[in-house]
Amino acid sequence: MFQLHAVDLFIIIFYFAFVLGVGFYLKNFTKSGEDFFMAGRNQTAWIAGISFIAANMGALELMGWSSATYQYGMLAVHWYWIGAIPAILFLGIFMMPFYHVSKTHSVPGYLQLRFGEGSRALAGVTFVVMTVLASGINMYSMGLVLEDFFGWDFDTSIWITAMTVAAYVTMAGLTSAIFNEIVQFFLIWAGCLLIPILGLIEIGGWDKLVELVNRQSAALAPAGAPVLDRMHIWSTMATPEANPMGMHWLGIVFGLCFVLSMGYWTTDYLVVQRVLTTKDIRSAKTAPIIGSFFKMAIPFIVILPGLIGFAVIPGLLPESPDISATQSYNAVLPLMMKRYFAPGMIGLGVIALIAGFMSGMAGNVSAFATVWTYDIYRSYINKNASDSHYLKLGRISTVLGVLVSIATTYIVKRFSSIMDYMQALFSFFIAPLFATVLLGMFWKRTTAKAGFWGLLLGMCTSVGIFFGVRAEILDPRIVAFSANPSTMAINMWQAAWAFTVNLIATVVITFFTRPKPDSELVGLVYGVSAVPHEGPSPWYRRPAMWAWLSFAIFLVLNIIFW
Amino acid sequence: MTGKRARVTIWFLCGVILCVYGVAIIGSGIYNLYNPPQVVGAELHLDLYWGFILLAVGAVFIYKQWPDKVSAE
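Going line by line, the protein sequences match chains D and A.
Quick note: the first sequence uses this note's numbering, first residue 1, plus one each step.
Quick note: the second sequence uses this note's numbering, first residue 1001, plus one each step.
Honestly, the hints are just simulated from the structure, not real lab data.
Every value quoted in this text rests on a predicted model; they were computed, and no experiment measured them.
Glycine residues also receive a C-beta, built at the ideal position from the N, C-alpha and C atoms.
There's no promise every hint is true.
To be verified - So the derived list for chain A, only partly shown, Cβ under 8 Å to chain D, looks like this:
hint	residue
1	Cys1014
2	Asp1047
3	Trp1050
4	Leu1054
5	Ala1056
All chains, please: the whole structure from these sequences, using the hints.
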């Protein structure tokens, strides 16, 4: 259990007062629906880019990937590099021009313009339900961390944090969420950066870390079994048996990079909404590219602590009812804070975790309010209300979203196994959505009916495989092409199957249905629209130049840790 | 909120919170100098240096994004 001192409490209380103060201040500038739901569409590339990454950087992400690194070694870095950078750059260079020029409020909104109401309703309802549930799971995890490590009461932690998020998002909507996400981004770095630095000093540098990790891996290997390498990211992936994740490189390239990551970063409205708030096409293209540099750097405060933890805190176990929370892999990041942080820094570390939870929750709630108000309420329930009516509804739906999230938290608390199910399902809905948006944006022949039925079949495939594997109707070894696949490997391949089924179904149905005339596709599809360009600029301001630089760094990092 | 509509920018607000936390960490770092905590690396006093870094970064943000200055630009 952590012991908090007066300075730690000051840091924590000041943080809550500060984020509420920011919301209260920004309320004065939130006068219209556009201000509330789209942050006035006047954000700079830097604000949108950092917020884009911060919304994804919840504490589940920080603790989850430190834990995954403890379990699988450096392979976890794939979720930050190949599982993010190509997709983020693709979003910035190829997709943002169309999202931006269509002036859509959301990804379901784009589907309505491209494929009609059916696709929008399917994507919108799925997104709304999943977003609120995700927010509840996020809170549940936070309540557990604060209870297990700091001895705080679960209910009090949940209600104080949730009501703080509800208050600042209700006051100024997405503007407030974005402002606080940026503050939270800085605090996460301020609270976590010293962990790898102190860890490397304690161990004696990188070479010594490699030696210690290899020694621990050898100690963990069963007698007679080969020692699994935890310090390389590609050279151990020729066969699933050669790495701790049980994953073939094809699963990473196709399942993670091409399907899950492309789906998440280019169509999950939680992150795309941040970029849609930019003031012009140049900012819209540059924002994700700026975000890509930060994304590549995050392993320094997530993956490296996981590796150092594996070396200096051996003996952590998979989560199970038989062990306490502080003995499981998930505890590695808080345990590292406890190992290295003096009073004061502990407060900053706690704030880094709480900030992560709050930015994730605020992201979910603000995206929920927008999709609910614009894509469901305004489209199907009350089409002709005034802007002030939608603004008021946005505020009410923010509070309702938070309350439903809290209710979800208690459901998850009572039936903790459903948390695994729901978390896995979120990503599976994203994979087929990506196939639909991809075909809609890049193939003008794709028809409205094909878009809708392809999306529905893709979603059914992901859900069907998920429950089929758990009910032992489907063999996970066939699903994941591996003799001994990890849960992560199965997830990758489920997403890949859902994407593939959607892609094939959409293409086949397209050839049997009538396409829209080109005139109705202008501004929505490559090939019939002039690609919006950011205009002439010196080389150092061109988004493409920065995208190439980001991609070059990404390649170098992969080669270094090959 | 790029400065056209709000009087303070997000960078200014980041500067404020970093300065406040920098001062708090420096204060606790000085206390820890005389009352060393039982943590690994306590003898390095990195918390003290970290407090100064947070304060310096925060001060730069505040200076560069001071509301009157941003409005004038």
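Status of each hint after checking the structure:
1. A least Cβ separation of about 5 Å between cysteine 1014 (chain A) and chain D falls short of the 8 Å threshold, and the interface hint therefore holds.
2. Using the Cβ-Cβ criterion of 8 Å, the hint placing aspartate 1047 (chain A) at the interface with chain D is satisfied: the shortest such distance is roughly 5 Å.
3. Checking tryptophan 1050 (chain A) against chain D by beta carbon gives a least distance of about 6 Å; that is within 8 Å, so the hint holds.
4. With a cut of 8 Å, the hint placing leucine 1054 (chain A) at the interface with chain D holds, because the nearest CB-to-CB distance is about 6 Å.
5. The criterion of a C-beta within 8 Å of any C-beta in chain D is not met by alanine 1056 (chain A), whose closest approach is roughly 12 Å, and the hint is violated.
The structure fails to meet hint 5 from the earlier list, while all remaining hints are met.
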